[in-house]
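Asker: Sequence:
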Amino acid sequence: MDLADFLVDAKRRTYGSSTSEPKQLDDGSKEYLVKYDEYTYRDRYFGGNPFIGEEVVFRDDKPVWSMNYYGKATSRDPDEVFSFLVRALERVEKKKPYRGPERYVEGPWLYSYISRGNINAFWGEEEIQYDGIKVYGLRFHGGEIET
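Numbering (the working numbering), first residue to last: 171 to 317.
If you are wondering where the hints come from, they were derived from the structure by calculation, not from laboratory data. Some clues are possibly wrong.
As the list claims (entries may be wrong) - Dumping the calculated DSSO-like pairs for lysine-lysine here, alpha-carbon to alpha-carbon at most 30 Å:
hint	residue 1	residue 2
1	K304	K242
2	K205	K304
3	K232	K266
4	K304	K264
5	K232	K200
6	K304	K265
7	K304	K266
8	K193	K232
9	K242	K200
10	K264	K232
11	K232	K265
12	K304	K232
13	K266	K193
14	K304	K200
15	K264	K205
Said to hold, decoys possible - Derived CB-CB ranges, DEER-like:
hint	residue 1	residue 2	range
16	R246	R286	25 to 31 Å
17	A291	N219	24 to 30 Å
18	S253	E208	18 to 24 Å
19	D231	E263	42 to 48 Å
20	R286	E201	27 to 33 Å
21	D247	D207	37 to 43 Å
22	R309	E191	22 to 28 Å
For glycine and all other residues, C-beta sits at the position ideal for the given N, C-alpha and C.
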């Protein structure tokens, strides 16, 4: 399994899953953790709305990839927005395994994101619109780590 395959699998098992629950940590953060073969994925975040977090992938216990993110729902009911976000994120794709698909539509909801770079070094923004009005935004950046 390569890094992109592992990221897709890990993300679908964590925040991109309607059945996964993060662990509450003593420092106030919440964390998702996935281990498979030589890989470990950790997604740790603070807050609710807004929120900030970091994903790190370890290979043989050494950090090899990371992504930071900050986002918030700007209008509507945040629970509705985040519920739609989960449905979009479970559709993460191997070609750009950072967030969800580049575009996902479900009735009046639209998830979209743009990114630059590749899995080794990238940045981007995602947003959710409801009936054409922006109700959520997030910025992210990351890439490979040499250890």
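Asker: Take the hints in turn and mark each one as holding or not.
Answerer: Results for each hint:
1. K304 with K242: 11 Å, holds
2. K205 with K304: Violated, because 35 Å separates the two Cα atoms, which is more than 30 Å.
3. K232 with K266: 22 Å, holds
4. K304 with K264: It holds: about 26 Å lies between the C-alpha atoms, which stays within 30 Å.
5. K232 with K200: Since the Cα atoms of K232 and K200 sit roughly 22 Å apart, the hinted pair holds (cutoff 30 Å).
6. K304 with K265: 26 Å, holds
7. K304 with K266: It holds: about 23 Å lies between the C-alpha atoms, which stays within 30 Å.
8. K193 with K232: 22 Å, holds
9. K242 with K200: 16 Å, holds
10. K264 with K232: Holds, at roughly 22 Å.
11. K232 with K265: Holds. K232 to K265 sits at ~24 Å (cutoff 30 Å).
12. K304 with K232: 39 Å, violated
13. K266 with K193: Holds - the C-alpha atoms of K193 and K266 are around 27 Å apart, at most 30 Å.
14. K304 with K200: 26 Å, holds
15. K264 with K205: At roughly 18 Å apart (the allowed maximum being 30 Å), K205 and K264 satisfy the hint.
16. R246 with R286: 25 to 31 Å: 28 Å Cβ-Cβ, so the 25 to 31 Å window holds.
17. A291 with N219: 24 to 30 Å: 29 Å, holds
18. S253 with E208: 18 to 24 Å: Distance hint for S253, E208 is violated at roughly 34 Å.
19. D231 with E263: 42 to 48 Å: Once the Cβ atoms are compared, 28 Å apart, the range 42 to 48 Å for E263 and D231 is violated.
20. R286 with E201: 27 to 33 Å: For R286 and E201 the Cβ distance comes to about 28 Å; the hint holds.
21. D247 with D207: 37 to 43 Å: 40 Å, holds
22. R309 with E191: 22 to 28 Å: 25 Å, holds
Against the hints set out earlier in the document, violations occur for numbers 2, 12, 18, 19.
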